[in-house]
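Same order as they appear, the protein sequences are chains A, B, C, D and E. Letter by letter, the first sequence follows residues 1 to 390 in my numbering. Letter by letter, the second sequence follows residues 1001 to 1530 in my numbering. Letter by letter, the third sequence follows residues 2001 to 2230 in my numbering. Letter by letter, the fourth sequence follows residues 3001 to 3415 in my numbering. Letter by letter, the fifth sequence follows residues 4001 to 4288 in my numbering.
Incorrect hints may appear among the rest.
Said to hold, decoys possible - Result set (EDC-like, lysine to aspartate or glutamate): computed pairs, CA atoms no more than 20 angstroms apart in a straight line:
#, chain 1, residue 1, chain 2, residue 2
1, A, Lys-111, A, Asp-317
2, E, Lys-4149, E, Glu-4172
3, A, Lys-71, D, Glu-3041
4, A, Lys-44, A, Asp-70
5, E, Lys-4149, E, Glu-4119
6, C, Lys-2168, E, Asp-4222
7, A, Lys-226, B, Glu-1129
8, A, Lys-200, B, Asp-1168
9, B, Lys-1399, C, Asp-2200
10, A, Lys-331, A, Asp-317
11, A, Lys-226, B, Glu-1368
12, A, Lys-164, A, Asp-176
13, A, Lys-140, B, Glu-1129
14, A, Lys-226, B, Asp-1125
15, A, Lys-281, D, Glu-3334
16, E, Lys-4096, D, Glu-3041
17, A, Lys-111, D, Asp-3104
18, A, Lys-201, B, Asp-1184
19, B, Lys-1197, A, Glu-311
20, C, Lys-2168, E, Glu-4119
21, A, Lys-44, A, Glu-311
22, B, Lys-1524, E, Asp-4100
23, A, Lys-248, B, Asp-1184
24, A, Lys-200, A, Glu-134
25, A, Lys-92, D, Asp-3104
26, B, Lys-1524, C, Glu-2182
27, A, Lys-140, A, Glu-110
28, A, Lys-387, D, Asp-3104
Worth flagging that the hints you see were computed from the coordinates, not collected in a lab.
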Amino acid sequence: ADTIKIGILHSLSGTMAISETALKNVALMTIEEINAGGGVLGKKLEPVVVDPASNWPLFAERARQLLAQDKVAAVFGCWTSVSRKSVLPVFKELNGLLFYPVQYEGEELEKNVFYTGAAPNQQAIPAVEYLMSEEGGGAKRFVLLGTDYVYPRTTNKILRAFLKSKGVSDADILEDYTPFGHADYQTIIARIKHFAAEGKKTAVVSTINGDSNVPFYKELGNAGLKATDVPVVAFSVGEEELRGVDTKPLLGHLAAWNYFMSVDNPQNKAFIDKYRAWAKKNAVPNADTVVTNDPMEATYVGLHMWKQAVEKAGSTDVDKVIAAMGGQTFKAPSGFTLTMDATNHHLHKPVLIGEVRADGQFDVVWQTQQPIRAQPWSPFIEGNEGKQGL
Amino acid sequence: MLCVLMALAALPARAALDPALVQGLGGDFNARVAAIDALGVAGGDEAAALLDALEGGRLGTVDGRLVVIAPDGLRDATSGEALAADAGAATRITVNNRLRRAIGTARAALALSSAQPAQRLAAADTLRENASPALLPVLARALAAEQDDAVRAVLRYATAKLELASPDPALRLKAAQALGGSSDAAVKNLLAALLEKRGDGAAATWVEADAEVRAAAAASMRAIDRRIGLAQTAGTLFSGLSLGSILLLAALGLAITYGVMGVINMAHGELLMVGAYATFLVQGAFRSHLPEYLDLYVLAAIPAAFLAAALVGIAMERLVLRHLYGRPLESLLATWGLSLVLIQAARVLFGPQNLELANPSWMSGGVELAGGVVLPYNRIVILGFAAFVLVLIWLMMQKTRLGMFVRAVTQNRPMAGCVGVPTARVDTLAFAIGSGVAGLGGLALSQIANVGPAMGTGYIVDAFMVVVLGGVGQLAGAVWAALGLGIVAKFLEGWAGAVVAKILVLVFIIAFIQKRPQGIFALKGRFADS
Amino acid sequence: MLKVDTLNQYYGGSHILRGLSFDVPVGQVTTLLGRNGVGKTTLLKTLMGLVPAASGSISFDGRDITRAPSYKRVAAGIGFVPQGREIFPRLTVEENLLMGLATRPRGSAIPPRIFDMFPVLKQMMARRGGDLSGGQQQQLAIGRALAFGPKLLILDEPTEGIQPSIIKDIERAIRSLAETGEMAILLVEQYYDFARALADQYLVMERGEIVMRGAGADMDRDGVREALAV
Amino acid sequence: MRTPFTLRLFQSMPRGGWIALAIFAAVAWIGVPVAHLALPESHPLHVFAYTVSLLGKILCYMVVAVAMDLIWGYAGILSLGHGLFFALGGYAFGMYLMRQIGRDGSYGAELPDFMVFLDWKELPWYWAGSDSLLWALFLVVALPGLVAFVFGWFAFRSRIKGVYFSIITQALTYAAMLLFFRNETGFGGNNGFTDFKRILGYDITSPGMRVTLFALSAALLIACLVLGRYLVTSRFGRVLAAIRDAESRVMFIGYNPLHYKLFMWTLSAMLCGLAGALYVPQVGIINPSEMSPANSIEIAVWVAVGGRGTLVGAVLGAGIVNLAKSVFTVYLPEYWPFVLGFLFIVVTLYLPDGVVGLWRKLRARRAAAALDDASAAAGAGLSAAIGGAPAEVPATERQAARSTADTPIAKGANA
Amino acid sequence: MIPTLEIERERAHLDAERENQREHWDGSAADGRVYRPGELDLSHKVILYLDDITVSFDGFRALNKLSLTIDAGELRCIIGPNGAGKTTMMDVITGKTRPDSGTAFFGQTIDLTRLTEPEIAHAGIGRKFQKPTIFEHHSAFENLELAMKADKRVRRTLFASLLDDERDRVAEVLRQIRLDQAADRPAGLLSHGQKQWLEIGMLLMQEPRLLLLDEPVAGMTDDETERTAELFTSLAGKHSLVVVEHDMAFVEALGGKVTVLCEGSVLAEGDLATVQADPRVIEVYLGR
Ligand SMILES: Nc1ncnc2c1ncn2[C@@H]1O[C@H](COP(=O)(O)OP(=O)(O)OP(=O)(O)O)[C@@H](O)[C@H]1O
Ligand SMILES: Nc1ncnc2c1ncn2[C@@H]1O[C@H](COP(=O)(O)OP(=O)(O)OP(=O)(O)O)[C@@H](O)[C@H]1O
Ligand SMILES: NC(N)=O
Ligand SMILES: [Mg+2]
Ligand SMILES: [Mg+2]
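With the rest of the complex left out, here is chain A (with noise of 0.2 angstroms):
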């Protein structure tokens, strides 16, 4: 053939549709971008995108198909931990080779995935860790705040863990959970209320996902918690997710990625602007507000890779391009060069923790000076130790 085939596997109708459309707007563009470059081994890349809705089991049909139907070189999909695990054993089993784009529990490694989205202590710790610190208001109590699911339950228990070996006690972690989609966060900001209230100086912890950020950061901005008494740093909170929050009311609450669209450097302006522009050419709606987050980031970061990694092997053969991976580098929009561990398929990621501004961008307050590896085997999990790469 004389194209080669990019899978793209993200969900567009269904609950998840609000994040991961983005995500296929950005693999189309960097697609674009590299067919405009001459392509891959003189060949365009040719994406075949379908949606999988949402629905677990039709993740895997759909790996499926663009497996062995299609017969993709590399799919880029998913976004929730369930639509991986679902995917996975047809990756296995067809040797395929999926880039996973999201910030996750870890606890995971497959030979036939590259993780480009952080581990818990390339998010996770460092936040925390921050909050601890005297710049960051110096928390000794904690809210692990999460919704109700495997992602932030193992987040949760990584940070226990962690803040147990800091000297946390456990009289001093509230640890809560919401069902999916819980749009009514009184009882809970009540509790935080008084948690705080209580005692030392607190910090919340948050790993709700999905549509329960606007209700809960609006029932935080009116039950007047300010940033400067109780902050709230969460993991799955990003640019995209709050164009749908009105941020006056949550100046300061903090996030930490990889990459904030606030970041200054040119390879982010290029990006962005690239971006933009894809988005006004292709008619996405409210183009002129489109906004790059951090999974986006690892989207094109994982693209390039994987044309680097496949421009080494000399083809598109799944095993090879796996060696090849290895040590792949990239100047990312972060401002920072990523390396592809060889051992672990994720990358070394800066972590950078950022406070809402009231344009709904962020403002990075900290950041780690080189990026870290990632710790997909978290040592504070039981079991773990001595577990290191494939």
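For chain A, the structure is supplied; the task is to place chains B, C, D and E with the ligands on it using the hints.
Chains B, C, D and E with the ligands in isolation, oriented as in the chain A frame:
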């Protein structure tokens, strides 16, 4: 450092700022905090201006020199002299929460000398929460000069909190007694700390040596506890009512289209969405054309949301549902299809992301009860709005002929025609009203929760539960069901957490229907069971 | 007043009404008799527009109403008492009667003569229609049709389930309504004595056709009773 | 003289039905396996693994639809919680599949990965026996059956009907979903069960296993159809339909509706459980979203599309909707909800009795055209009416005839 | 205020009385009788006892201390003004409505107030409703088949098949009710009168000991009314019948004892001529 600050505090209020002090703002993190604190103690317009510049992100450094970044160039922060370097040369000083808090406190200290009592009150409130011991002299001075009773009361709490640590037992006693009037959990903790023992076993000594102070502290704690407990119960009740009012607004339109007309309207959630999107468009129109009246956009959105949803409802009714009366099964299928179409249409037209809808300023914030319990204005307004919509519908259904016609048509369509009711027109009108009411629900929801293409799917289950639990066709039932579920859910949530509470609420619904198989307001009578 | 011309009606494939033609003159009671299942109710439903006429025409007051929707026929002045009562079960008795005034302006009052005829309705004003006993419901259905003062009253077996004394009252009432000379009445009845007592004109239907017709006074002589027997 | 049972089973389906079933069985048991296993990939008739699992999945959905039609179409009970029974069957079998992973999981432990991760040291009691296929198969049927029986017993005894019943089934599945989302519940939380390796030691991804599962699904569907057909044509089926149309009348002639409903309800749940058990190994995942209320509503939608109360309609509906979904999410990824949405609307507007209704109508019309005089048309219309497809009857009259048979929700609405 | 008080006092009294009776029943060993459903015990030649039955709806008394007995094999007509409580009485007998107070016994031993509808039907009481209720989607044939006396438990109906004599029986009844031509039509499409007949047919298939017939000839021609009367009189003796009608000619043709209900209790009882002559009956019911 404390001594330095004390010394500084003694300086006359209008003294020129010490450049060394100000330069600290350009230093490392601790130096910045110290400098801000000092500015607060020092007072004066210049200090205020500097704090403003810092918070506004207009302070930076050029080669270690502190500068103000103005639109027209850079100025030295202390001397005010213009600098040659251009604005890009300066490194902006980022302000984070910790600094912002310090700035807030410093500002409050400055505002204590404001001419406006309201500003002084706000300042005193901030200090009551955050004042550091360094500010005790500032507080004492302000208290001495203060004429306004409300401000004095707050200042006295603020001072008392600090005085609990005073070496003078008499002062501590007074403070402990004064704090009994507070309803602040933090104060309670301060008092509780006095009642603890230091050390082990027999060697243990009281943190507070004076027994009298301890007794006063214990009494004050009890008083605070009582007040907080009361406020919290009231707060939970309010959250229950508020949740109930939201459930009700989500369900009211359905109570007409389904409850009264019998259309199993799976697209009800999407009618809510239409109302919310209409609100969004109105907000946009205000932003671009009437920015000075932006706060009123919500009011303008009331007719807009109603009409938009009503029009969609009319289209649905005319094109699809009208062919399905008396075939409720089919209405389930068709409206399920309509719902898919409407969601995707919203996605294609507006994009898949959530839309931002801001509470107008008069709906932001809340009234604070004791103990940090806040009743947010948006929820209070929505509670009132729910009552308003409810009364409207009730009047429409019970007091107008249209209401009677609608009920008659659903009970016996052919016969309604045979007494002269233009059934087709009544259907359209009723469906339009039901849809419009759903639009109003969407408007209300947009002020609380997210607005996006799939927002409706989150409400459809709840809406049906409310309508059914109340007893189909029973408006009063829907009201009781919504408020009941809201309150039950909130009390359970306080006790068992949100997830378990939600499960328990569902189990409760199942159990409740066993007792009342036709809902709360079961229709009794011989026709009900045939 | 009402003129029916070669009316045909099918249910699916079965021919139920076969070219019916007749008049209902004003100021008279026209009774229609026939055994079970001959198509009487079907005819009345066709007259009311509940089932569309397959062919033929219906005109009322000189206007063609063959294709008019039910509510327009009512607005033109036709009142209907259906077989099986068909009251609105969840509306109160009062509301059921008010429904009878649907074509009248808002705020019209229920005429008191309804309560003179059926005092029980007055007692049970606030009770829901569906809770009434069978006979009470029948009375309500008649009251509802009379409420707006129709020019043509169509009744499908109105005496069904009603106690004898009230049947007598109804008989008197129908008589007096007809005698005012402003109203036409089309009455479907199985109860021969009642039909005969009221009929100015009679029609007998069999298998969708009118097989006998004549003046009410001649019913006995014509052997209508025997014709209805098997 | 009593007709023997086997003969009656045979008579319950018209000849055309048996022929169709036989063809279906031949294709599913011989055609597909041969085309998948024996023909090389390059062969035009080769059936790809993708197709086999896709069809296998749809067969499972069809079984669920038939189960739904039995309880909804014939007993008038609209369940909005059938997804729960399907998922319970899936989870019951999933437990076995998880145990079959053995030490091949990420943590190389005896326990399933998610338990290792939760620091559980041993299997919770309700996992006991889950390594035995027999026990798993027992649970697959017994678990949904038990839940349905207990729930149904209380609900039917309290005479909960119509929409009230529908809503509590929805509450039930919703509550179960939330419960299963919790990690502590012991079923893997949101991630559910995945990464299955084998059944009875055989590799789950092997072509042979794939074809076996497919053939089993086809067998289950055939069994369901025959059983369903028998049930609805038996006197039991007529009593059930009578309960649907006029429950109180049935009581006055001496049948106890509680027992009838409960039997059908429990049986329907068990069939769902079986379907779920075959579904899980074929799609490779089971997670709590299978219990989401929307999933259960969709099952009802399949049945409605195909034509309620016909069994065949349920099969067609499930097939059409799911195939359409599978096809259009590939070819029209951003617009498929429009296609599906309009499909539902068009079906309701123009095919009031679903796809099957259309077919019957066409057949009636063809019969009418064959005899070309008016009386023949009459005959056809009549036979259509008698055949239970009153499509030829004018709309208002049809409504009248249906009024007492209105769906439960309608009854709720009019009650 | 006062009336409600009175009602309440009365209700308390009734409750107490009922409690007393309960005690009495529970001491079943004392009089050697078993008050449980079982074989119909007609040892006293009485098939139905209603004693002191009161039913009220939101304070309105539809039945007011109604007492009535029906002998085995009797054909009893019940007449009375619209709203007198005739249908409500049948509701009580068949278990559809639970009385506020009073007792209802079927034979000597079966306490109807404690049984469910199917149990009552099973014990041998059949009913025809005032508004014909049949299974509209089933054919006339199937309607009769379902009503047929048989074991009506799930496990039997699952495997039941129609025996030849059962088929004959259905055919015979179809002829009797003149629906043999319409045997396969969905019953919902029958005319009103045909539905009435079908429901009577269902009752015949059920072969109950006691038939309750609520206005069976409403909507029938005079000729058919006569035939119905013949049918009922032929059934009497073997079965017991309670017929509610407003058609005096029909009541006369039946020829049984007549009970007049009014405002929830018995106003008069006797043969038709006596009752028709009773001025109170003329006043409230027959009219002049
Ligand atoms: N919807 C329908 N579809 C098909 N046939 C019908 C329908 N409704 C009635 N019929 C048939 O049409 C014939 C006429 O019915 P109709 O109700 O008009 O009779 P009727 O003269 O009013 O009888 P009755 O005196 O019993 O009320 C009957 O044979 C009946 O079975
Ligand atoms: N559920 C109820 N709620 C209120 N009133 C009721 C209810 N059921 C019956 N009634 C009233 O009880 C009285 C007795 O009704 P019932 O149907 O028993 O009368 P009936 O003797 O059968 O009359 P008919 O001869 O008209 O059929 C009527 O006045 C009726 O309105
Ligand atoms: N991996 C996540 N964010 O679910
Ligand atoms: Mg008739
Ligand atoms: Mg009666």
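- Query: Which hints, by number, does the structure contradict?
  - Reply: Violated hints (numbers, rising): 8, 9, 10, 16, 19, 20, 23, 26, 27; every other hint is consistent with the structure.
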